[in-house]
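Residue numbers (the numbering used here), protein chains in the order written: chain E, 1 to 176; chain G, 1 to 176.
It cannot be assumed that every hint is accurate.
What the hints assert, rightly or not - With a straight-line Cα cutoff of 30 Å, these simulated DSSO-like cross-link-like pairs (lysine-lysine) come out:
#1 K107(G) <-> K164(G)
#2 K164(G) <-> K107(E)
#3 K164(E) <-> K34(G)
Said to hold, decoys possible - What follows is a set of in silico ranges between Cβ atoms, one per label pair, in the way DEER data are often shown:
#4 Q98(E) <-> R6(G): 50 to 58 Å
#5 K164(E) <-> K130(G): 44 to 52 Å
#6 E37(E) <-> E37(G): 28 to 36 Å
#7 E25(E) <-> P59(G): 26 to 34 Å
#8 E25(G) <-> Q98(E): 49 to 57 Å
#9 P63(E) <-> E37(G): 21 to 29 Å
It is worth saying that the hints were derived from the structure and are not from the lab.
Don't be surprised by glycine CBs; every beta carbon is placed ideally from N, CA and C.
Number of protein chains: 2
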Amino acid sequence: MDYHIRSAEPRDSPHIMAMIRELAEYEKITHFIKLTEEVLHRDGFGDNPWFRCLVAERPENEPSETGPPFAGYALFANSYSSWTGRTLHLEDIYVSPQFRGRGLGKKLMKKVAQEGLKSGCSQIHLSVLKWNNPAIHLYKSLGAESLTEDPGYQVMSFNLEALKNMAKEEQLSCTL
Amino acid sequence: MDYHIRSAEPRDSPHIMAMIRELAEYEKITHFIKLTEEVLHRDGFGDNPWFRCLVAERPENEPSETGPPFAGYALFANSYSSWTGRTLHLEDIYVSPQFRGRGLGKKLMKKVAQEGLKSGCSQIHLSVLKWNNPAIHLYKSLGAESLTEDPGYQVMSFNLEALKNMAKEEQLSCTL
Chain E
1 MDYHIRSAEP
11 RDSPHIMAMI
21 RELAEYEKIT
31 HFIKLTEEVL
41 HRDGFGDNPW
51 FRCLVAERPE
61 NEPSETGPPF
71 AGYALFANSY
81 SSWTGRTLHL
91 EDIYVSPQFR
101 GRGLGKKLMK
111 KVAQEGLKSG
121 CSQIHLSVLK
131 WNNPAIHLYK
141 SLGAESLTED
151 PGYQVMSFNL
161 EALKNMAKEE
171 QLSCTL
Chain G
1 MDYHIRSAEP
11 RDSPHIMAMI
21 RELAEYEKIT
31 HFIKLTEEVL
41 HRDGFGDNPW
51 FRCLVAERPE
61 NEPSETGPPF
71 AGYALFANSY
81 SSWTGRTLHL
91 EDIYVSPQFR
101 GRGLGKKLMK
111 KVAQEGLKSG
121 CSQIHLSVLK
131 WNNPAIHLYK
141 SLGAESLTED
151 PGYQVMSFNL
161 EALKNMAKEE
171 QLSCTL
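If we strip away everything but chain E, and leave its shape as in the complex, we get (with noise of 0.2 Å):
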């Protein structure tokens, strides 16, 4: 079983919106999603590009019926770590469940890595949820590292709210 992966293209936006959305509900995380398919499809295609995805399409003799017409995707964006430099923060990697057990999800992070070196990364950093076995075990079996385990990082995030918070109050204090 082969599968065609390549660098997403605008046209496959609504694709990836939907697949994101599977995920949410394979994570059962659907309540976090603000993204929509038009936000994506300014976000991943303009002129300044804030991620890239990869796309894995579908095998010729599996074609979807009703679904998207990728068998899975990664979404990853450069970031940067003051220890190590270049960075890919893969954000996420999927498998569509009737393709899950192929390995399709070691060829994905494979292409990802070859990505990051291309692009100069000499790291792969990612969250992944503590029940989420299959994806711990692929990352492991891949040589990931938990740095929650070793030396101990927890993820703490921001919302648009504090964000809104956080600016309000410091221009107020500039003005006094």
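Fit chain G to the known structure of chain E by using the hints.
Same frame as chain E, but now just chain G:
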């Protein structure tokens, strides 16, 4: 006490690198630092910068005799979330020991939030060491939530050796 916070300039590279080393000493992870001043300079101040940096100048009445001319810095990069779109990844926020406890960390965070909003971001994302209570307290007081607590994310990383192994295996399997 007021600090002038401004965007870093190319001439600041050696001082930023010095503060990165100070932060690594505080975090007890100096053995992870592979970054050099030359690479930092190339990646931050070339045609396609991989990160942005704010520096807080020391107050005029507290000049440095031997160390960097800064009281602290914040280093961050554009990133992307498939939940919320444009994201700032906050890599480092650092305040030199003699300036701690005077609100500079909060002021730097506020400036980072303003930069994020200007770029259309709706999230700031960061990793913090579990034992670094002053930093965790600062982030929580400004509205951050721990994604390690809920929904339960851990941080993982592939280093350069793992990237090269992944990329190499893929090339081999393509020729078989």
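* Asked: If you draw a straight line from the CA of K164(G) to the CA of K107(E), is it 30 Å or shorter?
  -> holds (14 Å)
* To do: For the range 21 to 29 Å, tell me whether the beta carbons of P63(E) and E37(G) fit it or not.
  => Violated, at about 54 Å.
* So does K164(E) sit 44 to 52 Å from K130(G), Cβ to Cβ? -> Given range 44 to 52 Å: violated, Cβ gap about 28 Å.
* Asked: Regarding E37(E) and E37(G), is the given constraint of 28 to 36 Å on their beta-carbon distance met?
  -> Because 43 Å falls outside the window, the suggested range is violated.
* To do: Evaluate the given range 50 to 58 Å for the C-beta pair formed by Q98(E) and R6(G).
  => About 54 Å separates the Cβ atoms of Q98(E) and R6(G), which means 50 to 58 Å holds.
* To do: Mind checking the hinted window 26 to 34 Å against the Cβ distance between E25(E) and P59(G)?
  => violated (53 Å)
* To do: For the pair we were handed, K164(E) and K34(G), check the Cα-Cα distance against 30 Å.
  => Distance of about 35 Å is beyond 30 Å: violated.
* To do: Hint says 49 to 57 Å; check whether the CB-CB distance for E25(G) and Q98(E) agrees.
  => holds (51 Å)
* Holds or violated: K107(G) to K164(G), with C-alpha atoms at most 30 Å apart -> At roughly 40 Å apart (the allowed maximum being 30 Å), K164(G) and K107(G) break the hint.
Going through the hint list in order, the structure does not satisfy hints 1, 3, 5, 6, 7, 9.
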